[in-house]
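Peer 1: So the sequence lines, in the order shown, correspond to chains V and L.
Residue numbering for the first sequence follows my numbering, starting at 234 and increasing by one per position.
Residue numbering for the second sequence follows my numbering, starting at 9 and increasing by one per position.
One should not assume that every hint holds.
[As the list claims (entries may be wrong)] DSS-like cross-link-like pairs, simulated, lysine-lysine; straight-line CA separation at most 25 Å:
| id | chain 1 | residue 1 | chain 2 | residue 2 |
| --- | --- | --- | --- | --- |
| 1 | L | Lys308 | V | Lys615 |
| 2 | V | Lys666 | V | Lys654 |
| 3 | V | Lys291 | V | Lys281 |
| 4 | L | Lys76 | V | Lys590 |
| 5 | V | Lys657 | V | Lys590 |
| 6 | V | Lys654 | L | Lys76 |
| 7 | L | Lys308 | V | Lys654 |
| 8 | V | Lys620 | L | Lys126 |
| 9 | L | Lys126 | V | Lys615 |
| 10 | L | Lys76 | V | Lys657 |
| 11 | V | Lys374 | V | Lys291 |
Because the hints were derived from the structure by calculation, they are not lab data.
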Amino acid sequence: MKLPHMRGVRVPHRKNTAGSRAVWMKNVKTVTIPLSMHIGAPDTPLVKVGDTVQVGEKIAEGGYMSSPIYASVSGTVKKIDTALMSNGYYIQNVTIESDGKLTPWEGLKPPVINDYADFIAAVRDSGVVGLGGAGFPTAVKLNVKDLNQIEEFVINGAECEPYITSDTITMTYRTGYVEKGLEILKKYMNARKIIIGIEDNKPEAIRAMHAITDSDPVCSVAVLRSSYPQGAEKVLIYNTTGKIVPEGKLPLDVGVVVMNVTSLAVLAEYIETGMPLVNKCVTVDGPAVASPRNVIAPIGTPLQDVFDFAGGFVEAPAKVVYGGPMMGIAVPNLQQPILKSTNAILAFNRKEGEMAKETPCIRCGRCVNTCPMRLNPPMIAKAMRDKNYEGLAELKVNLCMECGACVFVCPAKRNMIQRHKLAKSELRTWQQKQAEQKKREEESRAKEGESNG
Amino acid sequence: MGEKLILSVSPHLTGWRTTQNIMLDVIIALCPAAIASVIIFGLRALAVYAATILSALIFEFLFDRIMKKENTIRDFSAVITGMLLAMNLPVTIPLWQAVVGTFFAIVVVKCLFGGIGKNFANPAIAGRIVMLLAFASSMSAVPAFRGSVDAISSATPLAILGNGEGASLSLVRLLIGTHSGALGETCAAALLLGGIYLLVRGVISWHTPVVFIGVVYVGSLIVTGSPYAALQYILSGGLILGAVFMATDYVTTPTSKWGQIVFGLGCGLLTLLIRFWGSYPEGVSFSILLMNILTPYIDKWTRRKPFGGVAA
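Generate coordinates for the entire structure from the input sequences, incorporating the hints supplied.
Peer 2: Written out as structure tokens, the structure reads:
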């Protein structure tokens, strides 16, 4: 099949850990689990200080748009407090002191699934969220009104960010669970077509996925060119199905559901064993890391402990990032915990961590010709300088997914992402004000009409 | 603990390209033609280059200093302006005139508009055009190349072609550049070599130069009716220099590929108009300058539709 192709940017791969089978970190002393590791309202705790918990025991849950959270170690709840998280919000945290035994909760059992409602409940109970980094509750994503609406499932194994290999590890070494995940989609979601998208720099993962799909008429592997941001949802959908997700719409509106491959495998593991999402395979890498490797760490483990377990630093880290270097979030300190959606933790030395000095834009057009959303950063910058919000709306800065490709190619080292974030939020505020004003005008006009009539 | 970590917005990784190494690549690409010009026109060429490059650096340095702006001479863009201006001058140009032209290019066209990235016209082209008007006689001098003995030395190729004596101009000679003309424009082979270097290094894209030269070729073919003469036309005058090095200037030309195609098309048509029907023998500089002015509009017209964007 000839696929439509969208150009991206060639970022360095640095997949140092592609062949490194994950090592399980068992000697965790304390975990601090934030009660918001998903998009939506934070969960409320179900435990109190002094309670003893076991691995897989539910410690927090919330409303529809949320995902339950489970104890990742066995031990005693030491603290429930509020702390500033890397996303800038104050979030409740549950701190559990491990008894070192990692005893599984005696209540664990595979879910009984008889119908679609049971399945969605099971997805919810698995604690799975978008593990590629987005953190969208999977149960909400898979809960669709009409299953016939879904034409294709796209399984995201692109892993286009430099360094990260945790999805590669899932595909290569946890192939069985991926296969079960595909079966689950066919069985409960009535999947008629499943495409696994993988960048061509992961031959071992491609081989493993081919092995489980070649004899399956429903499933196929789409080998994608290694170009960033191949794994971005809209780009992946276009490059695997040829479909364009219109502004303000969801993939489901064009008949597509995208799922991260690790999310799928974790879901399959829960349905098979009853063990919800408590551990996370993370890639520990970066120029400041002594020996890059993949580590399976209990959710809530402080980054410092994971780095120490992986072999420590060769030099003092100047910047530490959750996720990849292109879209990852810098953390303020090493006490920050491993989250559900953490797929890598990277430590940069001073040389790579310091931001390059911005110089004037020379209008070289690299950003314009690189942007996967086909936006025009120099025009956006100008509209922003002029406070021209009509212009910003027309230039569709709201479509910027902050992939950072423009900044990567910019010879003047200008941080467009920072500008676009600001532009998006200012545009939103302006649009809200416009809408309010329009409403007021309409109301007063209606009143006038009443008094006149 | 206690050690503070750097917090910044993503991305945390940037590419290897910098403004400085782009400019350095352009300088490298200009070198073959510059060396060829010294061989063809003699050592005085070096004096012209030295005058424009050094004065360009000094003017920019002084401007930044006087205006208390951050010093920008380290980005090497002033070196390129100096080199390109020299390449557009005859070897016989009085050096003080070259310095005046450089002053106009750097201070008036570039620095007064806000420095690198802000100028609306190509500084070297604007400088050359000011000199063409101000120092008409020394600018239209027809310098002999070294060892010239035959009749061809008395005129530039475009003048020869215009007089219908094109048969005496071999393509090899046009490629090597042993004929009269501005310093850097005669050796087409060296210019093309530089262009290929810039393409390979990803500094420029093919769109503008190929469309520009292509349009001039097709137009010349239609006007003269001879494929050979059309080839002579594209290898003569400042076309290759202009198309490869000046119509690809980032700051003053469109950013999108379609915009670059439109830009090249406009440049080609204007060049043809001036060459065949205008009062100047050469129109490359004028055409690029005129298209520079249109660039913001071309950018606007050729803006790509955002992916999945819906009309507001």
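Peer 1: Determine for every hint whether it applies to the structure shown.
Peer 2: Hint check results:
Pair hint Lys308/L plus Lys615/V holds up; C-alpha atoms about 13 Å apart against a cutoff of 25 Å. Between Lys666/V and Lys654/V the CA atoms are separated by roughly 19 Å; this keeps the pair inside 25 Å, and the hint holds. With a C-alpha separation of about 12 Å, the suggested pair Lys291/V and Lys281/V falls inside the 25 Å cut-off, and the hint holds. About 19 Å separates the Cα atoms of Lys76/L and Lys590/V, which keeps this hinted pair within 25 Å; it holds.
The suggested pairing of Lys657/V with Lys590/V holds, with an alpha-carbon distance near 24 Å, which does not exceed 25 Å. In summary, the hint linking Lys654/V to Lys76/L is not supported, as the alpha carbons are separated by about 32 Å, beyond the 25 Å threshold. A distance of roughly 23 Å separates the Cα atoms of Lys308/L and Lys654/V; the hinted pair therefore holds under the 25 Å criterion. Of the supplied pair hints, the one linking Lys620/V and Lys126/L holds, its CA atoms being roughly 19 Å apart against a limit of 25 Å.
For the hint pairing Lys126/L with Lys615/V, the CA-to-CA distance comes to about 12 Å; that is within 25 Å, so the pair holds. Straight-line distance between C-alpha atoms of Lys76/L and Lys657/V comes to about 34 Å, which puts the hinted pair past the 25 Å bound. For the proposed pair Lys374/V and Lys291/V, the alpha carbon gap of about 21 Å is at most 25 Å, so the pair holds.
Checked against the numbered hints given earlier, the structure breaks hints 6, 10 and satisfies all the rest.
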